[in-house]
Amino acid sequence: MQVPAPFEYERATSVEHAIALRERLGEEARFVAGGHSLLPMMKLRLANPEYLIDINDLSELFYISEDANEVRIGAMTRHRDLLDSELLAQHFPIFRDAEKVIADPVVRNRGTLGGSLCQADPSEDLSAVCAALDAACVIKSTSGERVVSMADFHVGPYETAVGDAEMLTEIRIPLRPNSGSAYEKVERRAGDWAIVSSGAAVWMDGDVIANGRVGLAAVGPNTTSIETVSAALSGAAPSEELYQTVGDIAAANCSPQTDQRGTAAYKRHLAMELTRRSLRRAVARATGQEA
Amino acid sequence: MQVNMTVNGQEVSEEIEPRHLLVHFIRDQLGLTGTHWGCDTSNCGTCVVLIDGEPVKSCSTLAAMAGGHQITTVEGLEVDGELDPVQEGFMNCHGLQCGFCTPGMMLTARALLNKNPDPSEAVIREAISGQICRCTGYSTIVRSIHWAANKETKVSLGSAS
Ligand SMILES: Cc1cc2nc3c(=O)[nH]c(=O)nc-3n(C[C@H](O)[C@H](O)[C@H](O)COP(=O)(O)OP(=O)(O)OC[C@H]3O[C@@H](n4cnc5c(N)ncnc54)[C@H](O)[C@@H]3O)c2cc1C
Ligand code: FES
Ligand code: FES
Numbered sequence: 044m045q046v047p048a049p050f051e052y053e054r055a056t057s058v059e060h061a062i063a064l065r066e067r068l069g070e071e072a073r074f075v076a077g078g079h080s081l082l083p084m085m086k087l088r089l090a091n092p093e094y095l096i097d098i099n100d101l102s103e104l105f106y107i108s109e110d111a112n113e114v115r116i117g118a119m120t121r122h123r124d125l126l127d128s129e130l131l132a133q134h135f136p137i138f139r140d141a142e143k144v145i146a147d148p149v150v151r152n153r154g155t156l157g158g159s160l161c162q163a164d165p166s167e168d169l170s171a172v173c174a175a176l177d178a179a180c181v182i183k184s185t186s187g188e189r190v191v192s193m194a195d196f197h198v199g200p201y202e203t204a205v206g207d208a209e210m211l212t213e214i215r216i217p218l219r220p221n222s223g224s225a226y227e228k229v230e231r232r233a234g235d236w237a238i239v240s241s242g243a244a245v246w247m248d249g250d251v252i253a254n255g256r257v258g259l260a261a262v263g264p265n266t267t268s269i270e271t272v273s274a275a276l277s278g279a280a281p282s283e284e285l286y287q288t289v290g291d292i293a294a295a296n297c298s299p300q301t302d303q304r305g306t307a308a309y310k311r312h313l314a315m316e317l318t319r320r321s322l323r324r325a326v327a328r329a330t331g332q333e334a
Numbered sequence: 708m709q710v711n712m713t714v715n716g717q718e719v720s721e722e723i724e725p726r727h728l729l730v731h732f733i734r735d736q737l738g739l740t741g742t743h744w745g746c747d748t749s750n751c752g753t754c755v756v757l758i759d760g761e762p763v764k765s766c767s768t769l770a771a772m773a774g775g776h777q778i779t780t781v782e783g784l785e786v787d788g789e790l791d792p793v794q795e796g797f798m799n800c801h802g803l804q805c806g807f808c809t810p811g812m813m814l815t816a817r818a819l820l821n822k823n824p825d826p827s828e829a830v831i832r833e834a835i836s837g838q839i840c841r842c843t844g845y846s847t848i849v850r851s852i853h854w855a856a857n858k859e860t861k862v863s864l865g866s867a868s
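So the sequence lines, in the order shown, correspond to chains S and G.
Counting from 44, one number per residue, gives the positions in the first sequence under this note's numbering.
Counting from 708, one number per residue, gives the positions in the second sequence under this note's numbering.
One or more hints might be untrue.
[Said to hold, decoys possible] To give an idea of the chain S side of the interface with chain G (calculated C-beta under 8 Å), a few residues:
{"hint": "1", "residue": "Q45"}
{"hint": "2", "residue": "P47"}
{"hint": "3", "residue": "H79"}
{"hint": "4", "residue": "A90"}
{"hint": "5", "residue": "N91"}
{"hint": "6", "residue": "P92"}
{"hint": "7", "residue": "D147"}
{"hint": "8", "residue": "R153"}
{"hint": "9", "residue": "V198"}
{"hint": "10", "residue": "V229"}
[What the hints assert, rightly or not] Over 10 Å on every C-beta distance to chain G, these chain S residues come out as not near it, computed from the model:
{"hint": "11", "residue": "V46"}
{"hint": "12", "residue": "F50"}
{"hint": "13", "residue": "L82"}
{"hint": "14", "residue": "P83"}
{"hint": "15", "residue": "N99"}
{"hint": "16", "residue": "Q133"}
{"hint": "17", "residue": "P148"}
{"hint": "18", "residue": "N152"}
{"hint": "19", "residue": "G187"}
{"hint": "20", "residue": "A280"}
{"hint": "21", "residue": "S282"}
{"hint": "22", "residue": "D291"}
{"hint": "23", "residue": "Q300"}
Just so you know, these hints were derived from the structure itself, not from any lab.
We put the CB at the ideal spot given by N, CA and C, even for glycine.
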């Protein structure tokens, strides 16, 4: 029987309360959101916090809203709500593509957007989704809030820009006209983590791609956004050759490891092929050829 | 610490250690051993209980986190000696062999039918896709859930006319 090591438990009653607790308790404290990454790690004693601050009562962090320029998502929004959201499906179909294949429906009832991004597991899907969409993360502390890009948020495997006395509260995604996005994942069986995933987002200027982004999951560190992809997409006309070029860039810029999910060579092939597919579909959606 | 919650409609107030997982709290402290405990890694779904009506894996949830919420375990499906249609479906369509996965399967089925009274086979299969049955090959489980859906839609049609 796996049981976490002893800790003290406290329920936060507001974002301010949660942050104040975090500031007082320091690095020995952790927030618990869905708990579906943290508790398994604590059971294996891979994480041993002395204090857990439960943020599930913070109703002010559960929302998906929209204004003229961006969509804002509260950090406690659960996978299930990201999957069901018509607002997200309409503006950013990449979310529904990804959420359909993240874990299973029961895990999706608990796991949250904030927990996924803060866990920063290299195989986790939503970092690639948010990076492809050029999202920004709102991080709060007692001294105020700062907004960081996904590139700055995602520092490395299991490492983010969120400090000991800080909390991720919101994700902001810019709304761009004539945009499209898509996610492609290959897994061993339903509900499993990715062997490889690729997400793409583009926005069009007439017949050419104004700009776009590609993010990968499960192929090593620092692949949530492949910087050189944007340069190749900017100003280019959509074509099969372009998708191949970008697929090749993605494959060249990742560092997959051979493990029980597949060989490094197979994963590199998937990074190329899934990037071709996600980009092709993102363009089809941006140009109204596909829903 | 003290934790208060409603389990199958009854208020419970218990002294727990914060690190106590919900599955062990339900089985060992409340003695409700209908909830099973298998993989311990949130993969198999035999430990599923409903929290405020939503299926959740109780091996990855702290009992403390369930405080203030409504918990339903498999023991709560039967009301006043009358089986839930989902339980009847599992009996009639041989939805179980060893019965290990059954409590989790039935609770997920109950939550599904509460939301979607007439689910297609694909929707049923998706709903139970986070749960593993070592015995049945799933076909009879899917049939059992269909049976329950049919019974419930017939009953509600009957009462409407
Ligand atoms: C069986 C299984 C399969 C899975 N498959 C996939 C998959 O295919 N793809 C995928 O992407 N994920 C998968 N997951 C992970 C799942 O999505 C997790 O729920 C998610 O990664 C973490 O979310 P959580 O809310 O449970 O976070 P928690 O476990 O509660 O927290 C994770 C970390 O983030 C910190 N944290 C949480 N919220 C905040 C905040 N607001 N501010 C600062 N820090 C915070 C916590 O302190 C902790 O360190 C799977 C999980 C399971 C159990
Ligand atoms: S025991 Fe909880 S999912 Fe297997
Ligand atoms: S009936 Fe044996 S595990 Fe499902």
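Of all the hints numbered above, which does this structure not satisfy? Sort the numbers upward. 4, 5, 6, 9, 10, 11, 12, 13, 14, 15, 17 and 18
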